[in-house]
Structure formats: C-alpha cells, structure tokens
Amino acid sequence: MAAVSPPAHYDCVIVGGGHNGLVCAATLARGGRSVLVLEAAAQVGGAAVTREFAPGFRVSAGAHLLHLMPATLLRELNLESHGLEWAAQDMTTVALVPDGAPLNLAPEESRRGLSPADAEAYAAFTARMRRFAAALAPMFSRPPPRLGTTAWADRLALLRLGWQIRKLGRRDMRELLRIGGMNVYDLLEENFESSALKGALGLDAVLGANFGPRSPGTVLTLLYRMAAESAAGDSGLSQPKGGLGAFCDALAKAATTAGATIRVGAPVASIRVEGDRAVGVVLDSGESIGAHSVVSSADPKTTFLRLLGPRHLDTGFVRRVNHIRCRGLAAKLHLALNRAPTFSGVGEAGLCGRLLVAPSLQHIEHAYNHAKYGEFSAAPVMEITVPTANDPSLAPAGQHVLSAIVQYAPYALKEGWQNGRQRCLEAALDQLERYAPGLRAGIIAAELLTPADMEQEFGMTGGHWHHGELAFDQFLMVRPVPGAAQYRTPLDGLFLCGAGSHPGGGVMGIAGRNAAQEVLKVSPN
Amino acid sequence: MAETVAPHFKQPLLKTPFHDRARALSQVDSFIPWAGYTTVDVFTTVEQEYFAIRNATTLYDLTPMVKYRVAGPEALPYLNRLVTRDVAKLKPDRVAYCVWCNDAGHLIDDGTIFRLGAGEYRICTAERQIDWLLDSAIGFDVEISEVTEQIAALAVQGPTSCAVLKALGLQGIEKLKPFEIGNFALGSHRLTVSRTGFTGDLGYELWMEPAAAESIWDGLMVAGYSRGIRAIGSQALNVARIEAGFLLPNVDFVSAEHTIRTGRDRSPLELGLGWLVDWGKGHFTGRRALHNEMIQGPRRHLVGLDIAGNKPAHNALLYTDDSGKREIGHVTSAIWSPTCKRNIALAMVDAPHFQIGSTVWAEIYLNRELVWERRMSRAQVVERPFFAPDRRRATPPADF
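Note that the protein sequences, when read in sequence, are chains Z and W.
Going by numbering that gives the first Met the number 0, the first sequence opens with residue 0, and the numbers climb by one from there.
Going by numbering that gives the first Met the number 0, the second sequence opens with residue 0, and the numbers climb by one from there.
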C-alpha cells in the first residue's frame with residue numbers, strides 16, 4: 000500500500016495478512032519495528048474476509064461472526080477510529096426446532112422457550128461454566144509454559160494455572176476436574192431435558208472440530224471456547240459492518256498507521272535460511288526480502304514443511320509437525336436470496352441473530368458418524384447467519400445473503416469433492432428447507448466452500464479453520480507441537496503467530512499479539 | 000531362506016543363507032538370536048576363534064546386519080540431514096562410518112553408508128529403524144527400502160584374508176583400499192567386496208545374493224584351507240572389536256529411541272565420536288542440540304581403560320579412589336586382551352576424570368568357585384584403539 004519503494008530489509012516480515020498476522024504487525028509496528036506484511040491474496044484478511052460470491056452479493060467467506068477478539072485488543076489497536084463499525088452486537092442465539100417453536104437462548108433477559116426446569120438448570124450451568132472459563136482465561140494472554148524444563152518462569156506458569164483452578168473453591172474445582180475429561184453429550188444429558196437445548200449447546204462444543212458430542216474431551220473444547228469468550232470480555236456475538244473483511248481492513252489500517260507496510264498479491268514461496276537462522280523470505284516472483292525476524296501466520300504445516308522445508312529442521316520435530324491433526328470438517332454455505340428467508344417461528348429479531356440447526360445431540364452425533372467414514376452428513380448441522388438482516392449493504396436492496404457453517408463435510412471426502420460437492424450442497428439446502436420452507440425458491444445463487452476449497456482459497460492445510468484441531472493433545476504447551484509452542488521455533492529468527500499457535504483459532508487475534516511480544520524480546524529496536 | 004515354509008510365528012528366528020554350513024561346523028551348538036536370525040555365538044572355543052582373527056582368516060556371517068537401500072535424486076541431501084558426517088565427501092565406491100542422532104543430539108545408531116552408484120546408497124546398521132528413516136524422508140525425493148533379506152553378507156577377516164580372497168579368484172583384491180568397494184565376478188555370481196570390518200584388522204566384507212552364499216562359503220573354505228581359515232561366532236568377534244575400540248549398540252550405548260530413563264541417552268561427543276560431526280555442512284538432525292553441548296562441554300566421555308591385574312572388569316563401577324566412595328562412571332565392555340596382554344575396557348567416565356592419563360578405580364567382582372570376591376583395581380585412562388596393527392591399512396596387504 001506504500002507507494003515509496005520499500006527497503007529490501009525489515010526488522011520483521013510477516014507471512015500472511017490474516018487477522019493474526021495483522022494484529023502481530025500492528026503490535027510490532029507500535030513497538031517501533033519496521034514491519035512488512037506479505038499477503039498472498041488480493042486483499043488482507045485471510046479466512047476473515049468479505050468477498051463477492053454472486054454479482055452484487057458479498058459475504059464473510061470464512062468466519063462470519065466475531066466473539067473472541069478481546070475488547071482490550073480492540074481498544075489497544077483503536078480499531079473504531081480505523082473504520083470498524085458494528086452492524087450488530089450481542090446477537091441472539093436461536094436453536095431451531097423441527098416442527099416446533101424455536102428456543103431463544105441469549106441474551107439472558109429475552110430467553111424464551113425453555114421449560115422451568117431447563118431454565119433454572121441453564122442459568123446455573125452457564126454461571127458455573129463461566130466461572131470455569133474465567134479461571135482458564137488468564138492463560139490465553141501469555142505464552143504457554145514449556146514442559147520438562149527447570150526454568151522458574153515455566154514452573155510459575157503451571158503453578159499459576161493450578162492456583163486459578165484451586166481458587167475456584169473445593170466444590171467448583173472438584174466439578175471442573177470431574178467434567179474436564181468428559182464428553183459434552185454426557186454432561187448435557189446430566190443437566191437438561193430439552194433436546195433442542197442440548198443440541199444447541201452441544202453444537203458449540205464441536206463447531207469446526209473433528210468431534211461429535213460423544214467424542215472424549217468435548218467438554219474441554221466447549222470450556223475452551225467459553226474461556227476464549229471470557230478472555231475476550233464476554234462481549235457476545237457481533238457482526239462488523241461490511242463483514243469480517245471490513246474488520247480486517249480496520250486491523251490493516253491500524254497496522255499501517257503504526258508504520259507497517261502491507262503488500263497484497265505477494266505470496267511467499269520460501270523462508271530464507273543462512274547460518275542456521277531465518278534471514279528473510281523469497282516471494283513466488285523470485286523477489287527476496289531480508290528480515291531480522293520472520294513471523295509466519297500461516298499454519299504450522301505450511302510454515303515448516305512447505306515454506307521452510309524439513310531439511311532445516313530435525314526429524315523428530317518434522318514428525319510432530321506432520322502429525323498435527325488438521326483435517327477440516329466444516330463447509331461454508333453462501334446463498335444469495337431474492338427475499339428474506341423465513342424460518343418457522345423466527346421473527347425479524349431472531350433473523351438478526353445466530354440460528355442453530357442441531358435438533359438433538361443424537362442428531363449431531365449421527366451427522367458426525369458420516370464424517371468418520373469419509374462421507375458428508377446427510378442431514379448436516381449448521382450455524383446460520385443472515386448478515387443482510389443486520390447489514391443491508393452486503394446485497395442489492397431488498398435482497399439477502401445467508402451464510403452458514405455446514406457440518407460435517409470431511410476434507411478428504413471418500414468419493415472426492417468433484418463428485419460429492421453438488422450432493423452435499425443439496426443435502427444442506429434440504430436441511431435448510433426443513434426449517435425455512437420456501438427458502439429454495441428464493442435462491443439466486445449458491446456457493447459451497449468445502450474444506451478442500453478453503454485450503455485452496457485461504458491456504459490453510461486441510462481446510463481447517465483453527466490451523467489444527469483444538470483438542471486436548473493440541474492445546475497449550477503442545478500447540479502446535481512441543482518445541483514451537485512459545486511462538487519461537489527451533490530456527491532462530493523464525494516465529495509463529497497464527498491460529499496454529501496458542502491459544503488457537505477463531506477470530507481471536509491473541510496468537511498474533513502474544514507472538515509479537517515474543518518477537519519484541521529478541522528483535523533489536 | 001529356502002526352508003521358511005512354516006508360518007513366521009512358528010519359526011520366529013530366520014535362518015541365514017549360511018545356516019546349514021554353520022550348523023555343520025558347530026561343535027558346541029551355541030546359537031544366539033541376532034536381529035531376527037539365529038546365528039552362531041561360538042563354533043568351537045572363543046580362544047581358537049579369536050586367534051584365527053589375529054593370525055589367519057575367519058568367516059563371520061553378518062547377514063542379519065540390517066541393510067537399507069536409499070535411492071533417488073535427493074538421496075544425498077537426505078543422508079546429509081540424517082547423519083552427522085558430510086556424505087557429500089563420500090566418493091563413489093567408498094564406505095563411511097556414520098552415526099545419526101535424534102533432535103536432542105543423542106545417538107540413535109551407528110552404521111556404515113555405502114555409496115553404490117549415482118543417487119544410490121546403502122545403510123548398514125545394527126538395529127531396524129525404518130520408521131526413523133522414513134520420517135527423516137518427509138520432504139525429500141528419496142526412496143527407502145529394507146534389503147536385509149536380499150543380500151547375504153560374510154565378513155572375511157584376518158591377516159591372511161587378502162591372500163585367501165586372491166586364491167578364491169578375486170583378481171586385484173589387493174588393490175582395494177580401506178573403506179573402498181570393489182565389484183567382482185566369481186563364476187556366474189557377482190560379488191561386492193568392501194574393505195571394512197569390525198575386527199580392527201586386515202579384512203573384507205563380502206555382499207552377495209543369497210543364492211550364491213553357499214558356493215562362495217565353500218569356495219572360501221577350500222581357498223583358505225592352507226591359510227588357517229575358520230568360521231567364528233559373535234563372542235570371538237567381540238574380543239577383537241573391544242581391542243579395536245569399536246562400540247557395540249546396546250552394550251556401549253543404548254539407542255536414544257529405546258531408552259526409557261532420563262540420562263541414559265548418549266551423544267556422539269560423549270561417545271568420543273566428535274570427529275564424525277561435521278559442523279560446516281549445514282543442518283542435520285540434532286545439530287542445534289549438539290552445538291549447545293559442544294559449547295558447554297560434554298558431561299561424560301567414553302574412554303579406554305588399562306586396568307591393573309588380569310581380571311576383566313565386567314560391568315565394574317568406577318570411583319575416584321580405592322575407598323569406593325565417589326562414583327564417577329562404569330565399564331561398558333571389558334576383556335583380557337590376548338594380543339595386547341593387557342586388561343582393557345571401554346568405560347563411561349564423568350567429567351573431569353576422562354582425560355587421558357587420569358587414574359580411576361574399578362570395583363571388580365570375581366566368582367571363585369561360587370564365592371564372590373571384590374577387588375578395587377587401579378585403572379588408567381588410555382588412548383583407543385588398544386590394538387591397531389599397520390596391516391589393517393596396508394595396501395597392498397602382505398601376501399601369505
């Protein structure tokens with residue numbers, strides 16, 4: 000974006016202009032470093048991008064909601080002065096019920112449709128889970144401790160986490176330890192009677208993950224999501240005006256205002272190594288750019304195996320990277336509609352919120368069963384938004400856009416996506432039609448992004464949003480792998496700042512900021 | 000392996016192509032398992048076999064040695080990332096002794112790399128480790144396959160070995176230099192010979208297809224008859240290798256992939272194999288860890304010991320003085336050396352006691368007619384190898 004010819008050497012070169020790369024760039028630039036961001040696509044944002052998918056219709060092509068970005072980070076980067084506007088904040092969650100009245104889950108005062116017992120249990124459950132989440136939240140903003148060292152900083156970090164949990168008090172601590180390793184299916188069965196409520200809560204535990212509600216560790220993934228929300232200040236679901244892309248444009252502006260340079264359409268081909276240290280990058284065009292620190296927001300497999308290459312790394316490390324589980328299971332559905340969709344029992348206010356198709360835990364589990372065997376779900380579960388309900392600018396006047404996460408659609412579809420794409424789309428549309436009769440008739444255009452497409456479009460290995468499964472064995476000090484879990488890598492001068500690092504994916508930005516702070520420690524000013 | 004018709008679980012140990020010949024010569028029926036094969040530990044007596052190594056010619060069946068073929072356009076960069084030595088310096092038809100490490104710079108195994116042709120190498124090693132080799136191949140255009148069963152191997156070692164091979168009909172064998180590979184035709188068989196071995200003496204290793212094994216064994220026995228040829232087992236070889244100062248996996252070190260306890264892994268620097276580490280060739284697995292270790296200096300070192308008395312210090316603990324209060328290491332291999340007439344051992348000794356000339360004390364236990372006696376014997380840290388005759392390098396070797 001800078002017109003002056005840029006210097007060929009920077010303090011920091013950032014590979015990838017997704018939200019984490021941009022947060023990292025802004026933080027580094029504010030720390031006084033010369034920063035260059037290199038983005039392969041024609042616009043910044045990565046998988047948090049707004050683009051046209053049918054003439055006149057625009058949509059957040061990857062992530063479509065914002066709920067994990069810490070309020071402190073938004074303030075720190077002063078995004079609102081850089082053009083960030085909200086189309087909707089504190090959005091409702093509505094659990095759609097087949098042939099029945101939907102449940103309205105949030106915000107609390109307007110909760111509707113729950114039985115008295117469920118209403119009471121829900122309040123208690125949410126309060127308890129929020130307490131747990133709040134205990135876990137502080138670990139998000141720091142690099143995770145290293146295991147197996149004798150360094151005091153590492154021991155202290157582990158002690159701090161232990162203390163946070165101990166501080167919950169005896170009853171809560173016991174409960175946290177009891178449920179920590181459970182699956183979310185059992186936990187929800189213990190607490191609630193409504194299938195739709197259990198389905199809706201269960202979906203949040205497995206959204207974007209290679210899990211069904213009965214998979215071990217899914218309580219932890221739900222807690223993790225809630226802890227991230229807690230770390231973000233529990234500000235609820237929100238939709239930026241102009242989609243997630245506009246949000247990233249504001250991030251980019253914050254970065255450039257702080258002095259960073261951003262180049263789009265500049266795919267990085269490789270990371271340059273000299274004297275056992277990263278010294279810059281080479282672009283696809285052959286152009287070479289020097290840097291004291293190379294910070295990659297690309298996923299770990301791309302960074303280590305493709306951009307750096309195994310020959311600069313040890314075998315054991317490469318083996319661990321190779322084993323990172325990152326096969327996406329979530330597809331993205333975009334519909335251009337000639338009129339507002341009407342979901343049975345959902346009013347105008349509900350349409351402005353988040354609509355969940357997850358009628359029961361059994362239904363989700365069954366949908367997941369298909370994916371285990373390389374098939375897409377015949378009756379998928381979904382997280383639906385109608386962005387135009389909050390932000391008419393995304394479509395021609397009077398017309399609408401529907402954006403849905405469709406689960407499950409495995410990256411490695413047995414029959415191949417060439418063969419399966421159309422039928423997967425049909426399955427999703429059939430499922431929608433069940434909850435929004437007449438929806439099909441209003442479709443002007445439809446786009447289904449499979450995990451394979453997302454890998455192609457966003458450069459994420461396996462098309463996995465989180466750059467690697469968020470699961471017990473890929474959390475914290477083992478995210479993405481031991482030896483690179485503190486944003487530094489085995490190669491001096493090379494850092495990770497993407498969703499593959501702690502605390503992981505979702506449009507959170509914390510990985511980018513944590514990484515920047517590590518870089519600032521070693522990067523000369 | 001003509002007779003392995005029975006399912007493998009009924010015959011867990013394979014027989015080498017030389018098995019029938021070995022069985023016929025075995026006088027004490029002493030067989031041991033080695034890498035999935037049954038092999039001879041002792042044919043007659045260890046002494047008889049050992050002295051044949053140092054005075055005549057010996058045959059030792061090393062077919063169970065695990066062999067991997069490494070081939071492809073990136074075989075060289077692959078190997079250079081795998082091992083600590085610079086394989087780029089290995090010329091065609093040459094062999095190099097190498098070690099490879101894990102990320103922590105700890106030894107996984109040692110072995111030899113044969114450069115057989117353009118982009119084609121063979122790794123010979125004691126332990127199976129296809130998983131490590133394949134994981135190391137991630138990102139390299141290289142093909143790796145185990146060829147152990149496809150190649151029969153026989154070590155022909157001893158001062159008269161060159162003469163025996165000449166008598167067998169290998170013309171020009173005397174020109175083969177140490178660590179060189181030669182290809183020969185013998186009747187209808189092709190034979191690859193490398194001037195390598197595990198005895199520290201003049202010697203060769205013969206590599207052939209299994210079908211040729213018995214006829215080559217028979218030919219050698221005829222050609223070597225007047226030069227004292229004798230088949231040997233692993234025990235005699237073990238005496239020779241200790242004299243030569245060579246390391247044996249699982250005796251002098253345990254593969255870092257197999258250790259369970261912390262502190263049991265060994266780095267090449269600790270094992271005295273620092274000369275195998277090439278710091279200038281670029282990255283290899285374990286380099287960063289080894290570099291740190293080099294800067295800090297090794298905490299322990301494998302050394303040679305010359306021990307007072309004539310009682311081998313098997314498994315002895317080592318101390319700073321004869322009070323036996325401060326332990327500073329342990330013996331890994333020990334023998335009475337028949338050729339050196341010295342009581343020698345290989346031992347792991349803590350810093351700073353591993354300097355040449357240091358004195359340590361070995362706690363030796365002796366079983367004398369079922370009664371255990373304990374000796375504290377003074378030992379000196381000495382140079383290795385203990386025995387290194389000029390004939391092992393001489394080209395051409397002396398004729399007999």
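It is worth saying that the hints were derived from the structure and are not from the lab.
Beta carbons: idealized from backbone N, C-alpha and C, even for Gly.
Just to be clear, a hint being listed does not mean it is correct.
As the list claims (entries may be wrong) - Distance ranges between label pairs, derived from CB positions:
#, chain 1, residue 1, chain 2, residue 2, range
1, W, R392, Z, R324, 50 to 56 angstroms
2, Z, L146, W, E173, 56 to 62 angstroms
3, Z, E425, W, D140, 40 to 46 angstroms
4, Z, T125, W, G262, 32 to 38 angstroms
5, Z, H322, W, A397, 51 to 57 angstroms
6, Z, G308, W, W278, 19 to 25 angstroms
7, W, P177, Z, H322, 39 to 45 angstroms
8, W, N291, Z, E119, 57 to 63 angstroms
Said to hold, decoys possible - Taking beta-carbon pairs under 8 angstroms as the criterion, some of the chain Z residues facing chain W (in silico):
#, residue
9, S284
10, G308
11, R318
12, N321
To see whether the hints hold, each was checked on the structure:
At about 54 angstroms, the CB distance of W/R392 to Z/R324 agrees with the hint of 50 to 56 angstroms. The supplied range of 56 to 62 angstroms is met by Z/L146 and W/E173, whose beta-carbon atoms lie about 58 angstroms from each other. Take Z/E425 and W/D140: their Cβ atoms lie about 42 angstroms apart, and the range 40 to 46 angstroms holds. In this structure the supplied range 32 to 38 angstroms is violated for Z/T125 paired with W/G262, their Cβ-Cβ distance being about 49 angstroms.
A hinted range of 51 to 57 angstroms holds for the C-beta pair Z/H322 and W/A397, which are about 56 angstroms apart. For the pair Z/G308 and W/W278, the supplied restraint of 19 to 25 angstroms holds, since their beta-carbon distance comes to about 20 angstroms. A hinted range of 39 to 45 angstroms for the beta carbons of W/P177 and Z/H322 is consistent with their spacing of about 42 angstroms. Separated by about 59 angstroms at the C-beta atoms, W/N291 and Z/E119 satisfy the suggested range of 57 to 63 angstroms.
Restraint check, Z/S284 versus chain W: the minimum CB separation of about 23 angstroms is more than 8 angstroms; hint violated. Look at Z/G308: its Cβ gets to within about 6 angstroms of chain W, closer than 8 angstroms, so that hint holds up. Checking Z/R318 against chain W: minimum C-beta separation of about 4 angstroms stays under 8 angstroms; hint holds. A distance limit of 8 angstroms between C-beta atoms decides the matter here; for Z/N321 the minimum to chain W is near 6 angstroms, and the interface restraint holds.
Consistency with the previously given hints fails for numbers 4, 9, ordered from lowest to highest.
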